[in-house]
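From first to last, the protein sequence lines are chains A and B. Quick note on the working numbering: the first sequence kicks off at 56 and runs consecutively. Quick note on the working numbering: the second sequence kicks off at 124 and runs consecutively.
Don't read these hints as lab results, they were simulated from the structure. Any given hint could turn out to be false.
Unchecked claim - Here are some chain B residues pointing at chain A (derived, C-beta under 10 Å): (1) P232; (2) H233; (3) F236.
From the three backbone atoms N, C-alpha and C, an ideal C-beta is built for every residue, glycine too.
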Amino acid sequence: MSLPIASLRVLLCCLLVASSALMAQAPTAPVGRRSIDVYATNTTELRTWDRTIDQMVRANQLLVVDSRPDPDIEGRRHESLVQYYQGIPVFGGGLSRQAAQGVAVSIIGTVFEGISIDPAPTLSADQVVRALSDETSGARLAGDAPSLLIFPTLDGGYRLAYRATMTDAKTYIVDATSGGVLWTIDEIKTQGQVGVGTGALGDSKKMSTTSAAGGFRTQDQLRPAPIRTFDTRGSDATLNRILQPPGVAVDADYSVDADNTWVDPPVVDTHVHAGWVEDYFYKQVGWTAIDNRRGTITAAVHSNLVNNAFFAPPPFGPEGRGMFVFGRTVANVPLTTLDIVAHEMMHGVTHASLMQRTGLGLLDALFIDRLGPTTITSGSTSLPCDTTVYVLPDGRRLPLVCQGGRYVLVSNHPGVIHEGVSDIFGIAAEFFHQQAGAGPLRADYKLGEDVTDFGPNRAADVPASLTALPSSAGLIAYPDHISRAFSFLMGVSQGTVANPTAVVLLPWTVQGNQLVTLPTTDGGGVHVNSTVLSHAFYLAIEGGRNATSGITVQGVGAANRAQVEKSFFRAVNLILPNVPSLQTLAQATVVASIDLYGVNSQTTLSIRQAMQAVGLVN
Amino acid sequence: MTRPLQTTLIVLIVTLAAAPAVFAQAGTVAGRGFIIVNGGYQVGSHDFEQVSTLRANVEDGTFTTDYDVKSGPSFDVTGGATVWRLLAIGVGVTRFSRSTPSTLSGSVPHPFFFKRPRPVSGDIAGLEREELAIHVEAIATAPIGRRLQVMAFGGPSFFRVKQDMVTTFTWAETYPFDDASFGSATVVDADGSKLGFNVGGDVAFFFSRQVGVGGSIRYSAATVEIDVAGGTHDVKAGGLQAGGGLRLRF
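Next up, chain A with everything else stripped away, as it sits in the complex (with noise of 0.2 Å):
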């Protein structure tokens, strides 16, 4: 079917897994397949998707899975649509459309046309949860019954394929036909490079308890949401039977006190800040909780991870709600800071809103930024495309992926949103229960600065004052700019360089011409190009000029700053869809701001610029 096409871009959809992990990848040759991205603002575009919208929604093409009053302006709607090939979801296919007084005003999203497949699947689930056990040794299936989806592939074809959560704490994308894993989604959003504070700070702040037999422990019962702050007391036999599904907890989990005064501090910090962030996002952006519909908040302590902490979405936790783990820092200092909760939260509440609204989350997707040269080097060896091998520790040679004969360079950029707007809303939570300021407690633009000789890990006012990456090119700062966020290459793990079937992200970039090796994909870059829109949420509040492009932004001001977390957040919560580029996020948050301010404002017009300066929008 032919679509009118608001903007064209090359878009790859492939599984992201940690390089360590080497998954196999989406199938066949990376000639480029067009996706139609919709950014749909003005009249014209409006009134031409909306024709097309309801055309493909009276040929079941598209599926209105929810449809909600906006919850900040009278009027308006937003709708979630999802692109369904006979009865099927499509992979990553979805619009959001939003209406005043019944007339569409922002369309956007992604739709994939020239979908031809056979909808029957040669395998069954069953056969399919038993191939993944085998292959996963031993992990069983987690949540609902696998389910069918068309999967858009690197070629520009599609394959039908089932979609199924295993115990291993991730989303598989299985070929319904051969069986062969088209794409992994790694459940698990971590904090990786963030540690967390504790309360050896010394601050004393107050606990939400309940009483229990023999004192009190640690549950909220205060919040609309319900905390609950389990202490593993570092088994990890414990943790797991929390997290795994059927996650169960059991009343010896919580963490207890005698006499209600709490000397732990990964215990306080974890179980205080996580009622902060509840306030946070109730009073500043109307939001209750993780899910919105105060489903209890799990959070676990004293766990054996190390430089880390997650947030496990449902079906893991327990009840299958999800869960955060917070662990600690090699020195022992916990990473539960307000800043690395609120990180945490905020991946939950992506997830959930994004699941609410289109039955999906935001899914990790690899976007192709831009080709390389046919050629690079390292030291002295010139290294075509078409001959370059990558060498795995197994001794299995890699050939590389390339596209004309050119290097392909990808970026996860659903992921690098996850963690970005996860940063936003860490330290927009410092802002709002904190003073600004430098130094421990008090808000600034930085990321885990306040955990004890571990961080601050990343700075959102100047990304490129802290380190990214280690290189073989020298140390690599973090991007303030699109221009310089990573993006990485990929090897064809199966198949040939002809016809990939998969293919897996490399520890690889290119800088000029030059080979530059990295110690990892980190996931395509979630954490490392995040600062790209941390920087722009600092530009529009703050202003200043960003050092790449040279753009000056007039920000809204501090004291106008929720005005641009508001935007932020609405663009997230009601218009993002399911596999958003970093631009979309950009369009998606000025279309908010205008929605919330118009579109003369201040706030619209710092957005906007900020977007600009870092090179996100034109």
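With chain A held as given, fit chain B onto it using these hints.
Quick look at chain B alone, frame taken from chain A:
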């Protein structure tokens, strides 16, 4: 010796010293008794303030209750007998009772945050005060003709004050608990006693040898300490009472 009692004695001495000269011709018989029954009105304001602490959410808050004690009706009975010429000794009882509408204002600690108190205020109705005073009086009497009689009196007074007082209060709050509103007060019957003084005068007109009517003015005062909720509060009692009623003599 307290100052009010000193004042009382000075008044008595002056009164008694003057009485023989003024009322010498009355010819009062020692041992003759009398009864004064008055319905009256106690005027004057004894508003007072109670400052209390409130422990909530692991933090102290404070609240102040302002009690509005205004004028009100009183009832008084005095009986006595002449002991020497124009001098009589009497014992009187005065009861004063009325409601004391009050207002409460304070701050309630936040359940989530230190040093973020939430102001509350409200009116409290239905609080009662009762003052019971027993007056021991030296009385100088002065019959003026056969029907008119004048008295001046003074002496120590024993006050007992019962006052409904607020010990704590409830408040209404909803998440996110940044505001709270007054709910209701917890009230206890508190009481205290103290010795004070009284001075006054009475004019009576007798229709017959034994029955008459008259009017009195009495000023009595004491500061009573009332213990409540772990604190002691000074409450003023008494005041200027004016009334009239039955007069009997035997």
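Hints, verified against the model:
1. A distance limit of 10 Å between C-beta atoms decides the matter here; for B:P232 the minimum to chain A is near 9 Å, and the interface restraint holds.
2. Proximity of B:H233 to chain A holds as hinted, the smallest CB-CB distance being about 8 Å (cut-off 10 Å).
3. Proximity of B:F236 to chain A holds as hinted, the smallest CB-CB distance being about 6 Å (cut-off 10 Å).
Consistency with the previously given hints is maintained throughout, with no hint failing.
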